[in-house]
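First to last, the sequence lines map onto chains A and B.
Counting in the working numbering, the first sequence runs from 850 upward without gaps.
Counting in the working numbering, the second sequence runs from 124 upward without gaps.
It is possible that part of the hints are untrue.
Examples of chain B residues toward chain A, derived with CB under 10 Å [as the list claims (entries may be wrong)]: (1) Met163; (2) Gly164; (3) Pro204; (4) Glu209; (5) Pro257.
No wet-lab data here; the hints were simulated from the structure.
Since this is a predicted model, take the numbers as computed values, not measurements.
For every residue, glycine included, the Cβ atom is placed at its ideal position computed from N, Cα and C.
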Amino acid sequence: MPDTRYTHPAIVLHWLMAVLLMALFSLGIYMHDLPLSPDKLKLYAWHKWAGVTAFVLVLLRLAWRVGHQPPPLPAAMPGWQKAAAHGIHQLFYLLMVAIPLTGWLMSSAKGFQTVYFGILPLPDLLAKDKELGELLETVHKVLNLSLAALVVAHVGAALKHHLRDRDEVLSGMLPFLKRKS
Amino acid sequence: MKAIRLALTALLLASRSVHAVEFNHFVAEQSSLQFVSRQMGVAVDGRFRRFSVKLAFDPARPAVAKAQLELDLASVDAGSPDADGEVVGKPWFNVKAFPMATFVSKAIRPLGGDRFELSGKLTIKGRTHDVSAPFVFRQEGDNGIFDGAFVLKRLDFGIGDGIWSDVSTVANEVQIKFHIIAAPAAASK
Chain A
850 MPDTRYTHPA IVLHWLMAVL LMALFSLGIY MHDLPLSPDK LKLYAWHKWA GVTAFVLVLL
910 RLAWRVGHQP PPLPAAMPGW QKAAAHGIHQ LFYLLMVAIP LTGWLMSSAK GFQTVYFGIL
970 PLPDLLAKDK ELGELLETVH KVLNLSLAAL VVAHVGAALK HHLRDRDEVL SGMLPFLKRK
1030 S
Chain B
124 MKAIRLALTA LLLASRSVHA VEFNHFVAEQ SSLQFVSRQM GVAVDGRFRR FSVKLAFDPA
184 RPAVAKAQLE LDLASVDAGS PDADGEVVGK PWFNVKAFPM ATFVSKAIRP LGGDRFELSG
244 KLTIKGRTHD VSAPFVFRQE GDNGIFDGAF VLKRLDFGIG DGIWSDVSTV ANEVQIKFHI
304 IAAPAAASK
């Protein structure tokens, strides 16, 4: 019988990023409309530092994923659902890389270098360019809304697997949630 | 032999006096006044678009050189549209009450070679402080070029009052960089 569980590092990375991305998303929406103040500057800096952290984590996660296959999907799943699951997971990885990248590029284009924790400067990959900065801001926003939509589908699917199909898909990512067989 | 040496000395003196040119015509289009502020540890470039300089500088006679600056604070480019709107306001430059910043030189002292030190009184927001800045002078074609920089403590001038006086978000130290081009006076040529 194949293992139905994800590896420990995969589980830790998944939940760490789940919490971090939700915090980043909420902070991003909240800080955007604030009037300029020292607090706003602080929140933007924290958002960027957390974003760089998410970028590093997703790279670690991709590296781990290359060497460690996730548990197979339940054999009973229809083909189209399997295909949708794979597609959504690939989109997740794509967005998790593209979102911090567009944030970094946006920051450069707006003339603010990203300095990780105020100590480690990241290179500016783009020169200051107002229009490009605004375009990247829109792209960053659209990608984030797409990610949010994907999360809704992801959570919905996980719950459906657990509550309706009563299979091992959700418990594979939740070691403490053992399905009684 | 002695005559030749005398002639050479005379020639050298003459050439020196020819080179003793006074630069006193400010070339606004090619000059720049930039600054670097630090926000949450990040250096942010800014500049002023409108300023005028009155100067009289002869590198051979720095003791009698003079410089004056008038700076239109509303012409600030603080690095982003957000910041531009903010820094002209009351907590920062308060341009409605204090539209201009001024600098009046007190002394220009040679530091050796092409280096000099400019010192004088800087007035921003009605507050005056002594500042000094080293600069390098060089000639390019007919023009004289002055490149210098110094660090200003913004809170000395009340720039960024109230909530903004927290220097952990916007640092107190602001680096000012000037690049001034001056043409020689036609009369002294």
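These are the hints, each one checked on the structure:
The restraint placing Met163 of chain B at the interface with chain A holds, with a minimum CB-CB distance near 4 Å, inside the 10 Å limit. Hint on Gly164 of chain B holds. Least Cβ distance to chain A is approximately 3 Å, under the 10 Å limit. Taking 10 Å as the C-beta cut-off, the interface hint given for Pro204 of chain B holds, the closest approach to chain A being about 8 Å. The beta carbon of Glu209 of chain B comes within 5 Å of a beta carbon in chain A, closer than 10 Å, and the hint placing it at the interface holds.
Evaluation of the Pro257 of chain B hint against chain A yields a violated restraint, the C-beta minimum of about 26 Å exceeding 10 Å.
Checked against the numbered hints given earlier, the structure breaks only hint 5 and satisfies all the rest.
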